[in-house]
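Colleague: Based on the provided sequences and hints, a complete structural model is requested.
First residue of the sequence shown: 0, per numbering that gives the first Met the number 0; consecutive thereafter.
Honestly, the hints are just simulated from the structure, not real lab data.
It is possible that part of the hints are untrue.
[As the list claims (entries may be wrong)] Simulated DEER-style distance windows between Cβ atoms:
no., residue 1, residue 2, range
1, Gln18, Gly146, 41 to 49 Å
2, Val216, Leu4, 20 to 28 Å
3, Asp143, Thr101, 39 to 47 Å
4, Asp2, Ala90, 21 to 29 Å
5, Ser5, Cys100, 27 to 35 Å
6, Val86, Arg145, 25 to 33 Å
7, Pro59, Glu149, 36 to 44 Å
8, Glu202, Asp87, 35 to 43 Å
9, Leu208, Glu150, 22 to 30 Å
10, Asp177, Glu149, 20 to 28 Å
11, Thr190, Asp97, 34 to 42 Å
[Said to hold, decoys possible] Cut-off 30 Å, straight-line C-alpha distance, at most; resulting in silico cross-link-like pairs (DSS-like, lysine-lysine):
no., residue 1, residue 2
12, Lys154, Lys200
13, Lys130, Lys200
14, Lys217, Lys191
15, Lys154, Lys168
16, Lys217, Lys200
What you are looking at is a predicted structure, and each value in this text was computed from that prediction instead of being measured.
Here a beta-carbon is modelled for each residue, glycine too, at the ideal position from N, C-alpha and C.
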Amino acid sequence: MVDALSVVSQLRDLASEPQNRAVIVQDQGCLPGLVLFLDHQNSEVLFATLQTLRYLAELPPNIPTMNNELGMMVSLENLMGRDGLSVDITALAQEVYDILCTPANPVAPTPERERRKKPQFFINSSNKKAKSVTLHIQGLDSTDQRGLCEEALLKVRGVISFTFQMASKRCTVRIRSDLSTESLASAIAATKVLSAQQVVKNETGEEVLIPLNTSGVKVQQNSALPDYLPEEEESPVKEVDRAISRTSAKEDASGSWLNTAASFLTKTFYW
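Modeller: Here it is, written out as C-alpha cells:
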C-alpha cells in the first residue's frame, strides 16, 4: 500500500541526485505537493519533506521559485513554531527557511528550460481545463469546521479536488477554469460560520488576502459526486521517466513508481 511517506521518500531520493533538482522545481505540481506535505501530522513525512526541500535548495537557481511558491514560507514558519516536534525537524525547517530567504540571482528562461517544464509529479496539475485557487478560510479552527467546508465545496459543480492546510487555515481548490472564485466563497459563506478570502502574491512576492464578493453569486450545485475532469492525453506520468534520472530508485512491477504515486494522490486528494 502506497502512503504519503512512500511518495515523499521517493521524491527525496530523486532530489538527492543533483541532475534532477532543476526539473523537479520546474514542475508545476511538485512544489505545491511538498507544501501540502509540510502540514502533515506524521513526523517522518515532515522530515522527509524537509530533506527533499533541502536537496532542492542546494541548486541556487531553484531558490527564488521555492521562495515564491504559495504557502511555502508560511508553512515553514508554522513548523518552526509548532509544539511537539523533534529538534531535528525544527532545525531543518529553520535551515531551509534561512536558505530560501537568501537572495539569489534568477536564471533567465531558455527554450530548453521551458521544454523541461512539461513533466508533472502531482495529479491534475497539467489539465488545461482546470486551475488552482488558494483560499484563506476564517473560522477553520477544528475538524468540525473542516467538515462543513468539505460539504460546501463538494456541492459546487466544477470543483475537482481540494486539500487543507489546517495550521494556516488554508484550502487549495482545483476547479474548472470557467468556475469563478466568488462561487467558492459564496458556497463557504453559506455555512454561516465560515468565510473565505483568496490568497495571492503581490508585486513584491508577499502573500496578501483578497476579499471575495459573495452577494448575488449563483452557485451551481452537484446532484451527486464532484465533476471530475479527464486528464489530457499528454498524461504527466508518460513523460517523467524520460526527464528524470532515477539512479538509486528501483522500478516496481507496474512500471514507474510515479504511476503508483499518482494513483495514491488521486484516491486521497481529500485529506
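Colleague: Confirm or reject each hint.
Modeller: Structure-based check of each hint:
A C-beta distance of roughly 44 Å is found between Gln18 and Gly146, which places it inside the suggested range of 41 to 49 Å. In this structure the supplied range 20 to 28 Å is violated for Val216 paired with Leu4, their Cβ-Cβ distance being about 40 Å. Hint check: Asp143 to Thr101, Cβ distance near 41 Å, so the stated range 39 to 47 Å holds. Against the hinted window of 21 to 29 Å, the Cβ-Cβ separation of Asp2 and Ala90 comes to about 25 Å, which satisfies the hint.
Checking the proposed 27 to 35 Å range against Ser5 and Cys100 shows it holds: the Cβ atoms sit about 31 Å from each other. Evaluation of the 25 to 33 Å hint for Val86 and Arg145 yields a pass: the beta carbon distance comes to about 30 Å. Between Pro59 and Glu149 the beta carbon distance is about 40 Å. The supplied range of 36 to 44 Å therefore holds. A beta carbon spacing of about 37 Å between Glu202 and Asp87 agrees with the range 35 to 43 Å that was offered as a hint.
At roughly 23 Å, the beta carbons of Leu208 and Glu150 sit within the given window of 22 to 30 Å. In this structure, Asp177 and Glu149 meet the distance hint of 20 to 28 Å, their C-beta atoms being roughly 22 Å apart. For the pair Thr190 and Asp97, the beta carbons lie near 39 Å from each other, so the given range of 34 to 42 Å is met. Proximity of Lys154 to Lys200 is assessed by CA-CA distance (about 28 Å); at most 30 Å being required, the pair is judged to hold.
With a C-alpha separation of about 16 Å, the suggested pair Lys130 and Lys200 falls inside the 30 Å cut-off, and the hint holds. The suggested pairing of Lys217 with Lys191 holds, with an alpha-carbon distance near 16 Å, which does not exceed 30 Å. Simply put, Lys154 and Lys168 have alpha-carbon atoms about 20 Å apart, close enough for the 30 Å limit, and the pair holds. Among the hinted pairs, Lys217 with Lys200 is consistent with the structure: their alpha-carbon atoms are about 27 Å apart, no more than 30 Å.
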